[in-house]
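With the hints as a guide, dock the two chains, each given alone in a separate frame, to form the complex.
Chain by chain, the residues:
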Amino acid sequence: MSATPTRAVVAALIRKDLRRELRTQESLPAMALFSVTTFVLFHFGLDARSLEGDLAAGVFWVTMLFAAVLAINRQFVAEREEGGFDGFLLAPVDRTALFVAKAAVLFGFLVALQVVAVPAFAILLLEPSPGPGLPELAGMLLLADAGIAVVGTLVGALAVQTRAREVIVPLLALPLMIPVVIAAARGTAPLWLEAGAAAVEGRWPLILGLYDLVFGLLAYAVFDYLLDE
Amino acid sequence: MTHAKFSRGLVPLSVLSVVLLVGGFAMVFFYAPNEADQGFVQKIFYLHVPLAIVALCGFVAGGIYGIRFLRKGDRTDDLRSYVAIHISLILAIGALITGSIWAKASWGSWWVWDEPTLVSFLIVFLLFACYQPLRFSIEDRERQARYASVCAVVGGAFVPLNFLAVRLAQAYTHPRVFATADGGLPAKMQLPFYLSLLGMALLYVTLWRYEMASKNTSWQLRALRRKLAGDDAVPPVGRTAAPTLPSS
Chain A
1 MSATPTRAVV AALIRKDLRR ELRTQESLPA MALFSVTTFV LFHFGLDARS LEGDLAAGVF
61 WVTMLFAAVL AINRQFVAER EEGGFDGFLL APVDRTALFV AKAAVLFGFL VALQVVAVPA
121 FAILLLEPSP GPGLPELAGM LLLADAGIAV VGTLVGALAV QTRAREVIVP LLALPLMIPV
181 VIAAARGTAP LWLEAGAAAV EGRWPLILGL YDLVFGLLAY AVFDYLLDE
Chain B
1 MTHAKFSRGL VPLSVLSVVL LVGGFAMVFF YAPNEADQGF VQKIFYLHVP LAIVALCGFV
61 AGGIYGIRFL RKGDRTDDLR SYVAIHISLI LAIGALITGS IWAKASWGSW WVWDEPTLVS
121 FLIVFLLFAC YQPLRFSIED RERQARYASV CAVVGGAFVP LNFLAVRLAQ AYTHPRVFAT
181 ADGGLPAKMQ LPFYLSLLGM ALLYVTLWRY EMASKNTSWQ LRALRRKLAG DDAVPPVGRT
241 AAPTLPSS
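Chains A and B supply the protein sequences, listed in that same order.
Letter by letter, the first sequence follows residues 1 to 229 of my numbering.
Letter by letter, the second sequence follows residues 1 to 248 of my numbering.
A couple of the hints might just be wrong.
As the list claims (entries may be wrong) - Heads up, incomplete: computed chain B residues facing chain A, CB under 8 Å, no partners named:
(1) Val41
(2) Ile44
(3) Leu70
(4) Leu126
(5) Pro133
(6) Ile138
(7) Cys151
Claimed, not checked - Non-contacting residues of chain B with respect to chain A, defined by C-beta distances greater than 12 Å in every case (computed):
(8) Val11
(9) Ile93
(10) Trp107
(11) Leu191
(12) Val205
(13) Tyr210
As the list claims (entries may be wrong) - A few chain B residues that don't get close to chain A, going by computed Cβ distances all over 10 Å:
(14) Phe6
(15) Leu16
(16) Leu20
(17) Cys57
(18) Gly94
(19) Cys130
(20) Glu139
(21) Trp208
(22) Leu224
(23) Arg225
(24) Ala229
(25) Ala233
(26) Pro236
(27) Leu245
By construction, these hints were calculated from the structure, which means they are not laboratory data.
For each residue, glycine too, the CB sits at the ideal point set by N, CA and C.
So that you can see chain B by itself, here it is in the shape it has in the complex (with noise of 0.2 Å):
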């Protein structure tokens, strides 16, 4: 097991996306102009938007190192997809926060029904938060790995078609900030933004690989210790919904 793989180059990318991050953010808040009808309060955008973007990104990866899991049976895939549905859960909660502020202040409520971009997020949202139930549920380490791969593709390939079915149920509500018929995002608003998606792309990327690091050093430590102290030193892994790589 090569755990230098998972740790190699992290410093530079932290200071990477804290850089590109807090210069986005300065972007947002001291270059990009007001919006017009909706004042500072559309200064959210810069996060929301991200957010979502990125976690929904993250469920798609998750589905596609699923994919990769089943084909080559490689338990590290699976650790991979399962980081990257963690992280995207984390964000995605962000991004549902941070969208019900947005519409309680830009349409009064905090939850837009006829909304759809809000509400396949939700959907896509409730789906994913099943994913570590379903783990947690199976004992066998090899069926979960191979059980959640399942889900994660059947999850990653339910996103888009969500989206369009939820879309084309709807009236169109939701800012189209990049498509509207006076010629879309303003060139001031569009480099802070792209430098916030790219900023909170990294971070995405540096997390994931923080938590694939954490976790293989983890098992990287069990494994010495058992080879020192012998078999019943190490307390056996108890339930767990986390994949386990199978210890060296």
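One chain only, chain A, in its complex shape (with noise of 0.2 Å):
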């Protein structure tokens, strides 16, 4: 079918966006910047010094995917303004292709992300250290991570040909999402008690992997539709 492996188109095309966003810097800084802001928000909101538990898992899982939507808000508008599209079209490649560099770079950007929130989410709100439950709690952010960068991007590709993008990629996302933020802030909880870190329900991890599972067939499976020009 394709001259090119897809592989390899896969990673030019991450490089691109990659190289993208280190040239504009128009996704991760406003990310990391609306996260910081929207944990000082929530200090003064709940009126606390600090979180532990359910309502700081609560609070980080939330804030996590508010600051998703900004990334997906501008993941296609590049490639539709400029041209992107047009261009990636008319390569003989396969089309899945896109829809997996931008899961991937929406996922890097996650990761990147939480890099810089989860230390500053310990800092200014968190009461117990994260350190005891880091390994879990890592793999609890991957997993949500690979959840929220599959439909996100899907909901990215749906929304950037509508006339009302910043207002449809909420409104669907965030519904969406609400499985990746009961099994996430639920899994995450027992790791930020302020008694010491407790074990994670093997049903969460267990309901993010399935969660992942289906959406990427599904979003695989579609994702070809959004493309025909």
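Pasting the structure below:
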């Protein structure tokens, strides 16, 4: 079908997006700033010096989700406005490569964001040190990020061709990601207990994994239809 | 374009759904016993649960028609998906309102968060409530149909996954009427319930068929008027969320 192997196409697209982010810096700095601002907002909104357990996990994950929406909003804008879609569609390559690359880049953004946001959250709001449960936390973060990246890319591709992109993205993405918030927040809460990190129940990573799998396959199947011009 | 296929058998179907719904509700009031704990209030169960089940099935059906549209590209399938989701949304509002009334009567508050079925239902409703704004914000007809179908497919797949996640997250407080320790729904309640469920499902199908027939007829009419009076006599369609059939 295609002359270039899909893996090379994906790699090229990822390189392009990363280089673009490096030069324009339009997503990641905004996401990081937004997260820190939201933590400060929560401090005043909840009138709390420190958070722990359920509340901490909830605040953290809702903030991550809103920060992800910022990136999802911008994800395909360059493709649309600067002719990236046309160029990609003209190339004799597998179209799903674009989805894989975009989801991978969003995943990378989220991980990079959390490298900043988790320490910021620990300094600003979190009462117990996140140190003891760090490996489990990293696992939950990665699983949840994969889900957000997959669904976010799908919604981003859906919304970029609409008139009201900034409205459609949160309206569609947030309900779709409620299972992620449920599982991620419930899974992270025991790690942030004041009494010390407790074990994570196995069903939360399982739900996240199932969510990633189902929506990954689904997005893989339907993404082609969002590109036809 | 064959318009007959949308209106065929509509009259018997309407009569049957009226008979079943009236019969079912008559049995609810005159045959089914009052529930021991909740008394008369529990009768709303025979309306609330069928509404919710039929609405969810309608959302999934919208997704299935979405798949069919994406595979075959027949605009009528997009219309089917749109109408299915539209009517499901209306039933879903009914289910949320009746559920809220029931919650107030039996648990004392209008909204109960630790009640997985209600909460998952609200989430699904919020997701599908975005279906029409999405359609409305895409002007190109062909693209509108394609994107809306993708949205319907994703939503349809989301329904079971969301119910799983929300159910696992919460304690069991919702009455499990079918599988409780003491044997579930008694026989005298089962028959009225299944009748109401069947009646509601038929009502849904009837409404869906009527809407399909109506949409189709108005497009038929447009095409005929255009043919008779010329293209200029019929004003072009403005921006709309509703799917349009390519006029024949």
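Evaluation of the provided hints:
no., hint, verdict
1, Val41, "30 Å, violated"
2, Ile44, "26 Å, violated"
3, Leu70, "5 Å, holds"
4, Leu126, "5 Å, holds"
5, Pro133, "7 Å, holds"
6, Ile138, "5 Å, holds"
7, Cys151, "6 Å, holds"
8, Val11, "38 Å, holds"
9, Ile93, "16 Å, holds"
10, Trp107, "22 Å, holds"
11, Leu191, "36 Å, holds"
12, Val205, "27 Å, holds"
13, Tyr210, "29 Å, holds"
14, Phe6, "26 Å, holds"
15, Leu16, "36 Å, holds"
16, Leu20, "33 Å, holds"
17, Cys57, "19 Å, holds"
18, Gly94, "20 Å, holds"
19, Cys130, "4 Å, violated"
20, Glu139, "7 Å, violated"
21, Trp208, "24 Å, holds"
22, Leu224, "32 Å, holds"
23, Arg225, "30 Å, holds"
24, Ala229, "32 Å, holds"
25, Ala233, "29 Å, holds"
26, Pro236, "18 Å, holds"
27, Leu245, "20 Å, holds"
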